[in-house]
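Q: In order, the protein sequences belong to chains A and B.
The first sequence maps to residues 1 to 339 in the working numbering.
The second sequence maps to residues 1 to 334 in the working numbering.
The set of hints was computed from the structure by calculation and includes no laboratory data.
Label pairs and their in silico Cβ distance ranges: (1) B:Thr-90 with A:Leu-91: 39 to 45 Å; (2) B:Phe-280 with A:Ile-110: 39 to 45 Å; (3) B:Tyr-136 with A:Glu-86: 32 to 38 Å; (4) A:Leu-91 with B:Phe-280: 36 to 42 Å.
Lysine-lysine pairs mimicking DSBU-like chemistry, simulated, CA-CA at most 35 Å apart: (5) B:Lys-250 with A:Lys-258; (6) A:Lys-47 with A:Lys-258; (7) B:Lys-181 with A:Lys-258; (8) B:Lys-54 with A:Lys-54; (9) B:Lys-117 with A:Lys-108; (10) A:Lys-54 with B:Lys-37; (11) B:Lys-75 with A:Lys-258; (12) A:Lys-258 with B:Lys-48; (13) A:Lys-233 with B:Lys-134; (14) A:Lys-269 with B:Lys-140; (15) A:Lys-233 with B:Lys-140; (16) A:Lys-213 with B:Lys-37; (17) A:Lys-258 with B:Lys-37; (18) A:Lys-329 with B:Lys-37; (19) A:Lys-258 with B:Lys-140; (20) A:Lys-54 with A:Lys-26; (21) B:Lys-117 with A:Lys-123; (22) A:Lys-233 with B:Lys-75.
Derived coverage of chain B by chain A (criterion: at least 3 residues anywhere in the stretch with Cβ under 8 Å from a Cβ of chain A; other residues may be distant): (23) 79–85; (24) 193–201.
Note that the Cβ used here is the ideal one computed from N, Cα and C, for glycine as well.
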Amino acid sequence: MYLKELSLINGTSGDESRVRSFIKQKIQDKVDEIWEDRLGNLIAFKKGTKANRKILFAAHMDEVGFMVTNIDEDGTLCFAPVGSVETQVVLGKQVKINDSIPGVIGFKPIHLQEKDQLLRPPKFEELRIYIGAKNKDEALKMVKIGDYVNFVTEYREDGRRASGKAFDDRVGCSVLMDVIDIQKRYENDVYFAFVVQEEVGLRGSAVVVEQVKPDVAIVIEGTIAGDDPGLEKDRWSTHLGEGPAVTFMHSGYVVNQKVFQAILSVAEKHGIPYQFRRRTQGSTDAGRLARTGPGTASGVISVPTRYIHSPVCMIDFDDYANTVRLIEKILEEGEVFAK
Amino acid sequence: MTELIRKLTEAYGPSGRESEVHGLILEELSNYIDGYKFDAVGNLLVWKYGSSGKKILFDAHSDEIGLVVTNITEKGFLRVDAVGGVLPQTFVGHRVRFANTVGVVYVEGETEEERKKNWTNLTLDNMFVDIGAKSYEEAKSKVPIGSFGVYDSYFCEMGDYLVSKAMDDRIGCAVIVELFKRLKSCPNTIIGSFSVQEEVGLVGASVAAYTLVPDVCIAIDVTDSADYPKAFKRHAMVLGKGPAIKVKDKASISNRMIVEKLVELAEASGIPYQMEVLAFGGTNAAALQRTRAGVASATVSIPTRYVHSPSEMVCKDDVENTVRLLIEYAMKGV
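Same shape as in the complex, but just chain A (with noise of 0.2 Å):
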């Protein structure tokens, strides 16, 4: 499992270049095959015994971020999100700019703030990073504009659970990666593809298709739990602890029904614990990919995670060990995407 190591990197959309570098040295020696596109995903192939279709998996290297979009006279930082983060979640936390600087995101104090104001989420232009500049010159010497901003988040495993920041996808590019580091080699031509850009509108998987021709996809995500105990259980999203969540309809795409039927026959079959994903709100790559060139057949599984897009998110370590053995049992069983 590599999503230590994966969540503490700081990669943002556009700036996925060290999450990329890292899975590039874990994997390279385990593939057969391995290159980076013009867009910056990486992709992986495995080649099959028989070789006569080709599966391809898919995660997304990017996490939720900010920007640096102007630098004030009194040296606070404006700055602006990157893929969707409200700023209810952003108050008060502790930042690293250009994944070298400190800074804070500063609000204010529940003294100040009139009390018919304290429910009402601030807009980002309300809010500035400190980064203990005096004025805008000595800012200027630290950062720039269109520098990255990240959320510093510990990475934390507490009994069953992991917590930490960019679970939504590192989790998908580490089960990815415990998946060739099985070693086995299947029936069919595997392609596993890191793709950046997801959270700003599911750009770079749009070029992925061109480039692999796979027969069917699957797409590996952190989804939204949800499983919240102001919500009825009967609004909840994932539940952790349940299983691998399969994906029967997302914004924007109905899962393809042979895929997703496919994949609840392998889970049934090896009595491997799934769960459906219960609301349709998000959307991933599988979108994309079934809209790209002629068209393909896929699917999503995901490791329910709580609180995306916020600076800590948690996952369960029995839903992430099931995700990786689902991924592996499909592999065996392949032929089940022909029926």
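Given the coordinates of chain A, work out where chain B should sit on it, guided by the hints.
A: Relative to the frame of chain A, chain B by itself:
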């Protein structure tokens, strides 16, 4: 043709679950096509060869909007999310049909105040579906999570008008089926694309033109008809004045050459037509035109009242004239 429209509109085919519709279409067309295939995302493509070397693709989407089961309560009631652009209001007190079960859709509310609030701010999040199950287990066995449902509505004729669920876009499917049936010795190769998942975001049409590489694409779809009390006043389309040749909607601008050709052909053969500018919405033409290096694309619409409701209404004459116009285009358009 009325019987064909009845069959196609009453068929079950929410986005991603179009096989029943495709089956009916293939049955109808078996004697009228030279070949067919299903592509990687499930679009049904049919074709009839011509000798000119030119290929025209006519597209209609085979899916319809609906609901999908996301959760089941302990007592056996279903929670649902929308499949496509569903107005929750159109489902309240109405029935939803799953593959083999029917359910009633209604609204929650534990107090008078909450009930009132929920009815005014209606969302699927304060609604549920009752399939007459008495427990979680019973509901799960009948309608598992991930089951797709459509309006449980029936087809009927009202004088010159036809009413049903899913006119959007089975009426387009019916037009293309009829086109293939009536087409005799056409110089151009004609492709019919009965594409999937239009309602969730033009999924099928994004790839439908990729494999067969047509020279021109025409999407056949419904459009708003602004001829009922206090209808959208910036729209000109009405029932009974013929097919609407789309100039523009929110997602695409029809290729000008195609638009001019359609107008010219309609004038020459005395087929009534109307021009369409739709302030909202979009059709598969938006996706088709972006295939490979680009394909000249346009939309021909059938004006329809009450789109995205269980009772979408079209005019028989408009349907007939759409078929006539498209036959002209198939023969002489390129």
